[in-house]
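Listed below are the residues making up each chain.
Number of protein chains: 2
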Amino acid sequence: MLCDLYVEQIIIMPKSITRTYSRYTREASSLLGGLIRAARKERQLTSQDVADRAGISRGLLQRIEKGDLKCEIGAVFEVATIVGVKLFDSDELTLRKHIRQTEDKLALLPKSVRKKSRVVHDEF
Amino acid sequence: MLCDLYVEQIIIMPKSITRTYSRYTREASSLLGGLIRAARKERQLTSQDVADRAGISRGLLQRIEKGDLKCEIGAVFEVATIVGVKLFDSDELTLRKHIRQTEDKLALLPKSVRKKSRVVHDEF
DNA sequence: ACATAATGATCCATATATAGACCATTATGC
DNA sequence: GCATAATGGTCTATATATGGATCATTATGT
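Chains as they are written, first to last, in numbering that gives the first Met the number 0: chain A, 0 to 123; chain B, 0 to 123.
These aren't lab readings, by the way, just hints derived from the structure by calculation. Just so we're clear, the structure is a prediction, and the values are computed from it rather than from any experiment. Don't be surprised by glycine CBs; every beta carbon is placed ideally from N, CA and C. Hints may be right or wrong, so weigh each one.
Reference listing, derived: stretches of chain B covered by chain A, where coverage requires no fewer than 3 residues with Cβ under 8 Å from a Cβ of chain A [to be verified]:
hint : region
1    : 17-29
2    : 33-41
3    : 93-102
Can you make the complete structure from the sequences, with help from the hints?
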């Protein structure tokens with residue numbers, strides 16, 4: 000009665016960054032993972048085999064095959080290459096040609112995008 | 000002469016993991032980044048615009064557009080989706096169908112790959 | 001030509017992905 | 001059916017990717 004003791008416990012929550020992904024993104028990654036897994040089995044490669052050749056851990060390979068969105072794109076692409084899943088449906092040569100085309104297109108586009116300062120009046 | 004003092008400095012090197020990537024992997028990522036950058040400019044979107052919509056920082060978007068292999072695949076795919084770069088050359092519907100096909104194929108394949116214990120004699 | 005928006009680059013703190021070890025379960029070859 | 005290889009999952013320490021701030025430079029609309 001004389002003395003009430005209040006103890007406040009301050010809990011510091013780690014402000015975790017939870018990203019949101021569009022459905023298309025999730026499905027694309029899921030598909031890629033599935034294709035990798037199917038290709039690996041068709042080629043009779045164990046998960047340890049592929050992980051070793053890609054220089055990654057078996058656990059990471061599992062996440063990749065599940066379509067986990069939080070993996071390095073480099074690791075995913077490397078695994079895909081190893082098991083023979085073509086990205087862009089293109090071989091190396093076509094890929095390089097495509098890169099050049101993109102560079103050319105980029106050279107033509109403005110170097111920086113500037114917002115219009117005023118609404119365009121195209122309604123009349 | 001009487002006393003030579005040797006000081007050894009022990010430098011603890013962080014054993015950094017430096018992955019190696021195949022040329023195909025590097026080029027595929029480079030191409031994807033270029034396509035994203037071109038698509039963004041064609042749509043007159045500033046890097047800050049796209050970064051905000053994707054829920055990532057401007058710095059990360061820059062790395063993605065450069066084809067940096069050490070980015071979350073989720074972030075890369077999300078940005079690609081936002082600026083309209085189709086992964087797999089497929090729309091959402093086709094994608095889902097493709098996923099089902101892959102699942103069907105996986106159901107037929109053996110659940111685990113077992114190495115042959117002995118070399119197969121197919122030379123006779 | 002000028003004002004300033006957009007981009008490029010660097011730095012640091014921190015959130016987090018990864019490797020690696022471990023164990024349980026499953027599936028395969030024999 | 002058995003031995004065991006392959007897979008799936010969990011946990012922890014650590015390497016590292018990311019966000020955010022800052023500054024310099026460039027490019028664009030007016």
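These are the hints, each one checked on the structure:
Judged by the Cβ-Cβ criterion of 8 Å, the region 17-29 of chain B is covered by chain A as claimed, because 11 of its residues qualify and three suffice. Residues of the region 33-41 of chain B with a Cβ under 8 Å from some Cβ of chain A number 7, which satisfies the need for three, so the listed coverage holds. Figure legend: the region 93-102 of chain B, annotated as covered by chain A; annotation consistent (6 residues with Cβ-Cβ distances under 8 Å, at least 3 required).
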